[in-house]
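*Asks:* Given next are the chains, with one letter for each unit.
There are 2 protein chains.
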Amino acid sequence: MRKALDGLRVLDLTRVYAGPYCTMVLADMGAEVIKVENPAGGDDTRRIGPYKDHQPGEERSGYFAMLNRNKYGVTLNLKHPTAIDLFIRLVTQADVVVENYAPGTMQKFGLGWEVLQQANPRVILASISGYGQTGPLSARPSYDGNAQALSGLMSLIGAPDGPPMRVNPAIGDSSAAIHAAFGILCAVYARERTGRGQWVDVAQLDAVFSIMESAVVNYTLAGNVLGRVGSRHQDVCVYDVFRCRDGYVYLGAYKPHHWGNLCRLLDRPGWVTDPRTATNDQRLAHYEGLIKPVIEAWAAHHDADALVTLLDAESIPCAKVQTVDQAVHHPQLRARDMVVPVAHPVMGRIELPGITCKLSDTPGGVDRPPPLLGEHNAEVYGRLLGLTADELVALRRDGVI
Amino acid sequence: MRKALDGLRVLDLTRVYAGPYCTMVLADMGAEVIKVENPAGGDDTRRIGPYKDHQPGEERSGYFAMLNRNKYGVTLNLKHPTAIDLFIRLVTQADVVVENYAPGTMQKFGLGWEVLQQANPRVILASISGYGQTGPLSARPSYDGNAQALSGLMSLIGAPDGPPMRVNPAIGDSSAAIHAAFGILCAVYARERTGRGQWVDVAQLDAVFSIMESAVVNYTLAGNVLGRVGSRHQDVCVYDVFRCRDGYVYLGAYKPHHWGNLCRLLDRPGWVTDPRTATNDQRLAHYEGLIKPVIEAWAAHHDADALVTLLDAESIPCAKVQTVDQAVHHPQLRARDMVVPVAHPVMGRIELPGITCKLSDTPGGVDRPPPLLGEHNAEVYGRLLGLTADELVALRRDGVI
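Residue numbers (numbering that gives the first Met the number 0), protein chains in the order written: chain C, 0 to 400; chain S, 0 to 400.
Think of the hints as simulated: they come from the structure by calculation, not from any bench. One should not assume that every hint holds.
Treat identical chains as interchangeable: a pair holds within one or across any two.
Unchecked claim - The list that follows gives simulated cross-link-like pairs (lysine-lysine, BS3-like), each with its CA atoms no further than 25 Å apart:
(1) K291 - K107
(2) K78 - K291
(3) K254 - K107
(4) K78 - K254
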């Protein structure tokens, strides 16, 4: 036993971001993930940049590489009846199937939940979609932006007097993905008692709606419709981002000792007891008119690194707003192995994001590059289905794989 | 067997958001989560709003309610030696311990990993922190804002000419939380083979860094440092948010058939073949100067609902940017049970966010309100440790519970 999920076999029909992120975390933790791609070019992200050294090519996409490391890759044309037979034979030997097609597509392929369940009552199907498998919008086309818009999330992000702002990295995808990975392991745990698999249905809309902190209960319990407040926090104060001479710094000083230390740094010792600023509620009421301008003026006279040094010395939670290149080189992220090297047969040595969950006894790891298109056809179809080299040649000739 | 995680016992030392979200998804799926609070007021969020009907009170916080439904609640003063003895006795009967104290705090309590492991070699400890248990910044105080700033995420969000923008709902917390819940189930799965528990270490910084879509590989593979692009997507086009007469609408029309349909709606049929706009790459190059102003002018003449109707009729992915109250009442989220009622002994009937992972055979559910402070002391300490009513009185008198 090397990794936590060793022994868990996953058939991965997913494409683009949400589905592949889900199966990535499973593969990082040791699951045997077999990525199934259409033979006519495979996953769309093979044709989305960034490309290694800006040179496009099907085996040169960083987008594809980051999400599909550690996986085996086979091709299968799901519009061909023979391919469906082969897939169902794989299902009989699998623990989990993951897909992120539009709802209804699996049924069109002849791979609906009832079919999979009949082939293998122990198999777990996880479906990730924009709106979910049920509900009036289920069949509508949907991306991350739909979830961010409809959930209300976008209405909460941006300047108070500005437009709503999408979270640029597609949070609808990543949030649904990790919820689905959790849901799959819930189903695996349940199966050890019931002996049965089940269908795990995760919607991007639901996933985003579930991570809006107190916005939902603000409305349902108190009738407050929260809106945009910039980078500050609406419940605790001071908690905001300030412009410095050469960048921006976040600071969070709402606990009494942090606030006291900040007052000293600001040369406003009286604010510790001032009835306008002594408590969190008082500060929230007097932030824009009184406190914020003072901190803004103070921050504007410092470089970001110098400001962080001052705040750090007073143990006030703070951080420089880093650009991505700064983050990639930051000693904390490096110490946590959050940027890991992988040797790739076409791209050479590349660096990918590391593994978030650190397990002390059976740690995950990025051990293998993403698969070339169809790289493991012979290995997987040979090992699992006993297909011979001649049979594979025929399947390729017939457009099945 | 009712729910997927029935039989999994979790001791929950967490406070505020990240930790309680993690144990919430475990409890929603059926784990027996025993929330341990200090007797002097309990979780800080009991004193953070929103309060039911705007009336403050320790048992009236919506913030606390949403995160702690389905949990049992006991009190324990971890600064008291007797409390530590009691907690270790609980550990011998637990599967998982979850905590989100600053790194080093558990050791100060006398509850470091080695102590827990010695008490119960099968127990799993999950620690959620800002920077993680290791690395040069590990001991620094850290909130969600630290992770959003240092990871580079904030540098990616906001208007191109505006300041970096924090994701207002604390994504550092929720992202770390769900990664940790996944990590815990990985450890549970591993334990069925190894017989041993392990320590799961999740940092908010790592969790946010891992959900920045292609930003990391853009830098490591191609040297591109991505920045702020407003609500548009930097890789696909058209994918943006537009102002209407009475609000905003997101639309995503980058696939050929969606783009063709949008060109027809815009009365620009020539754009389908125009060498400035025919392909995704061409559109990315001519978006700001050519395409965006035309869509902006078109959108500005419509109400949001009317625009969605037009786009829907052409099957173009789109959604109105809803406010939170609109989202709470939306038929899709209602059909998915994403707003669920709970009867609370003090607040009466309240509505909380529902459950993201839909399992077909052993679905989760919100069956019980959040615990009153110490509500289950007699039940839990009696059932698990055999303590009598007299012993509980003495423990309360001595400030232990």
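*Asks:* So, for every hint listed, does it hold in this structure?
*Replies:* These are the hints, each one checked on the structure:
no., hint, result
1, K291 - K107, "neither (58 Å within a copy, 36 Å between copies)"
2, K78 - K291, "neither (60 Å within a copy, 37 Å between copies)"
3, K254 - K107, "between (56 Å within a copy, 21 Å between copies)"
4, K78 - K254, "between (60 Å within a copy, 20 Å between copies)"
Taken one by one, the earlier hints fail for this structure at numbers 1, 2, listed in ascending order.
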